[in-house]
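J.: Sequence:
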Amino acid sequence: MCGRYALYGPVSLSKRAKEALDRLGLDLVSEVNQRDPQYNIAPTNRAPVIVYGKLGTTVQGLKWGLVPFWSKEPKMTYSTINAKVETVETLRSFRDAFKARRALVPASGYYEWKKTGPGPKDKQPYFIHDPHGDLSLFCGLWESWRDRENPDGERLNTFTIIVGEAGPVSHDIHDRQPVILEPEAWQDWLTGDVETAKQLLADRGHADLVYYPVSKDVGSPANKGADLVERIEL
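If you read the sequence shown in the numbering used here, its first letter stands for residue 17, the second for the next number, and so on.
Hints in this document: simulated from the structure, not taken from any laboratory.
Incorrect hints may appear among the rest.
Calculated pairs, DSSO-like style, for lysine-lysine (alpha carbon to alpha carbon, straight line, at most 30 Å) [stated by the list, open to error]:
1) LYS79 x LYS131
2) LYS100 x LYS79
3) LYS131 x LYS31
4) LYS34 x LYS100
5) LYS91 x LYS115
6) LYS79 x LYS240
7) LYS139 x LYS240
8) LYS70 x LYS31
9) LYS131 x LYS232
10) LYS34 x LYS131
11) LYS91 x LYS214
12) LYS88 x LYS214
13) LYS70 x LYS139
14) LYS115 x LYS34
15) LYS139 x LYS100
16) LYS139 x LYS34
17) LYS100 x LYS240
18) LYS31 x LYS139
19) LYS91 x LYS240
20) LYS214 x LYS31
21) LYS131 x LYS100
22) LYS34 x LYS240
23) LYS137 x LYS214
24) LYS232 x LYS137
25) LYS115 x LYS137
26) LYS79 x LYS214
27) LYS88 x LYS115
28) LYS137 x LYS79
Distance windows between CB atoms, simulated [as the list claims (entries may be wrong)]:
29) LYS31 x GLU165: 44 to 54 Å
30) ALA116 x LYS31: 29 to 39 Å
31) LEU250 x PHE85: 39 to 49 Å
32) PHE85 x GLY135: 35 to 45 Å
33) GLY169 x GLY133: 46 to 56 Å
34) ARG171 x ASP204: 41 to 51 Å
35) PRO184 x LYS131: 17 to 27 Å
36) GLU165 x ASP233: 40 to 50 Å
37) PRO134 x SER95: 38 to 48 Å
38) LYS34 x LYS139: 33 to 43 Å
Don't be surprised by glycine CBs; every beta carbon is placed ideally from N, CA and C.
Build out the structure end to end from the sequences listed, making use of the hints.
T.: Right, dumping it as structure tokens:
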């Protein structure tokens, strides 16, 4: 799954990614570089997310952990930080957002833990990222919640990250990874109809990724330093 990730500058992008973002009318490089770095984004944290809505394609600060619009309370559960490819279209928590509110989540990389022994704490975290150091865009969904008893109240905007089976490299660490589409598919993912979105997920490949071990300090959401993404020796 994906329960922690990082986003920090300076941002690097491939030529294809820059061209795709230009078509979306976004200057994501400046957007990320002007923000404070986030080395340990955890559930309930806010992070920049690319969404398509009434204002077109924009970058919004959303809270991680999707709260469905029909929920009685603005409460997320751990189960809504990720949506599985196999059930994203059918689960009640995600199916409405999948139809009309798809998103792209910028990330420098994400953390995953590998079991090293029988105990619950016998786990080693790894930082998994693009081999060229380029920014990744994870497929996601977003939702806007409002208290039905206070329709004029402030909206709560949240998101989830879609995960599928891991590729040949990241599978060494975990059996799932965030879904990463080719840049040419980004616009269709955001603005296409539901059949287009289903086809993009069905046709997806596995992004080239690499990984290295990092400090166990990343296990605490309170730790936010740049040292969390530094390689350690085991």
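J.: All hints, please: hold or fail.
T.: Against the structure, the hints:
1. Using a Cα cut-off of 30 Å, the hinted pair LYS79 and LYS131 holds, with the two alpha carbons roughly 29 Å apart.
2. Distance hint between LYS100 and LYS79 is fulfilled; the C-alpha atoms sit about 19 Å from each other, no more than 30 Å.
3. This hinted pair does not check out: LYS131 and LYS31 have alpha carbons roughly 37 Å apart, beyond 30 Å.
4. Simply put, LYS34 and LYS100 have alpha-carbon atoms about 28 Å apart, close enough for the 30 Å limit, and the pair holds.
5. Between the alpha carbons of LYS91 and LYS115 the distance comes to roughly 22 Å, so the proposed pair stays at or under 30 Å and holds.
6. For the hint pairing LYS79 with LYS240, the CA-to-CA distance comes to about 17 Å; that is within 30 Å, so the pair holds.
7. With a C-alpha separation of about 20 Å, the suggested pair LYS139 and LYS240 falls inside the 30 Å cut-off, and the hint holds.
8. Restraint check: the Cα-Cα separation between LYS70 and LYS31 comes to about 28 Å, which is no more than 30 Å; the hinted pair holds.
9. With a C-alpha separation of about 13 Å, the suggested pairing of LYS131 with LYS232 holds against the 30 Å cut-off.
10. A hinted pair counts as satisfied when its Cα atoms are at most 30 Å apart, and LYS34 with LYS131 does not qualify at roughly 37 Å.
11. Among the hinted pairs, LYS91 with LYS214 is consistent with the structure: their alpha-carbon atoms are about 28 Å apart, no more than 30 Å.
12. Among the hinted pairs, LYS88 with LYS214 is consistent with the structure: their alpha-carbon atoms are about 29 Å apart, no more than 30 Å.
13. Restraint check for LYS70 and LYS139: not satisfied, since their Cα atoms lie roughly 44 Å apart, outside the 30 Å limit.
14. A hinted pair counts as satisfied when its Cα atoms are at most 30 Å apart, and LYS115 with LYS34 qualifies at roughly 27 Å.
15. In summary, the hint linking LYS139 to LYS100 is supported, as the alpha carbons are separated by about 23 Å, within the 30 Å threshold.
16. A hinted pair counts as satisfied when its Cα atoms are at most 30 Å apart, and LYS139 with LYS34 does not qualify at roughly 37 Å.
17. Straight-line distance between C-alpha atoms of LYS100 and LYS240 comes to about 27 Å, which keeps the hinted pair within the 30 Å bound.
18. The straight-line distance between the Cα atoms of LYS31 and LYS139 is roughly 37 Å, outside the 30 Å bound, and the hint therefore fails.
19. Taken as a hint, the LYS91 and LYS240 pair is honoured in the structure, with Cα atoms around 24 Å apart against an allowance of 30 Å.
20. The suggested pairing of LYS214 with LYS31 holds, with an alpha-carbon distance near 26 Å, which does not exceed 30 Å.
21. Using a Cα cut-off of 30 Å, the hinted pair LYS131 and LYS100 holds, with the two alpha carbons roughly 22 Å apart.
22. Between LYS34 and LYS240 the alpha-carbon distance is near 29 Å, which keeps this suggested pair within the 30 Å criterion.
23. With a C-alpha separation of about 38 Å, the suggested pair LYS137 and LYS214 falls outside the 30 Å cut-off, and the hint is violated.
24. A threshold of 30 Å between alpha carbons decides the hint, and for LYS232 with LYS137 the separation of about 10 Å falls inside it, so the pair holds.
25. With a C-alpha separation of about 39 Å, the suggested pair LYS115 and LYS137 falls outside the 30 Å cut-off, and the hint is violated.
26. Simply put, LYS79 and LYS214 have alpha-carbon atoms about 25 Å apart, close enough for the 30 Å limit, and the pair holds.
27. Proposed proximity of LYS88 and LYS115 is supported: the alpha carbons are some 21 Å apart, at most 30 Å.
28. For the hint pairing LYS137 with LYS79, the CA-to-CA distance comes to about 28 Å; that is within 30 Å, so the pair holds.
29. Hint check: LYS31 to GLU165, Cβ distance near 50 Å, so the stated range 44 to 54 Å holds.
30. Range check, ALA116 to LYS31: about 31 Å between beta-carbon atoms, so the 29 to 39 Å window is met.
31. The supplied range of 39 to 49 Å is met by LEU250 and PHE85, whose beta-carbon atoms lie about 45 Å from each other.
32. The hinted window of 35 to 45 Å between PHE85 and GLY135 holds, with their beta carbons roughly 41 Å apart.
33. In this structure the hint that GLY169 and GLY133 lie 46 to 56 Å apart at CB holds, the actual value being about 48 Å.
34. Distance hint check for ARG171 and ASP204: the Cβ-Cβ separation is about 27 Å, which falls outside the suggested range of 41 to 51 Å.
35. For the hinted restraint 17 to 27 Å between PRO184 and LYS131, the CB-CB distance of approximately 19 Å keeps it satisfied.
36. One distance hint, 40 to 50 Å for the beta-carbon pair GLU165 and ASP233, holds here, with the actual separation near 42 Å.
37. Checked against the hint of 38 to 48 Å, the C-beta distance between PRO134 and SER95 comes to roughly 26 Å, which is inconsistent with it.
38. A hinted range of 33 to 43 Å holds for the C-beta pair LYS34 and LYS139, which are about 37 Å apart.
Consistency with the previously given hints fails for numbers 3, 10, 13, 16, 18, 23, 25, 34 and 37, ordered from lowest to highest.
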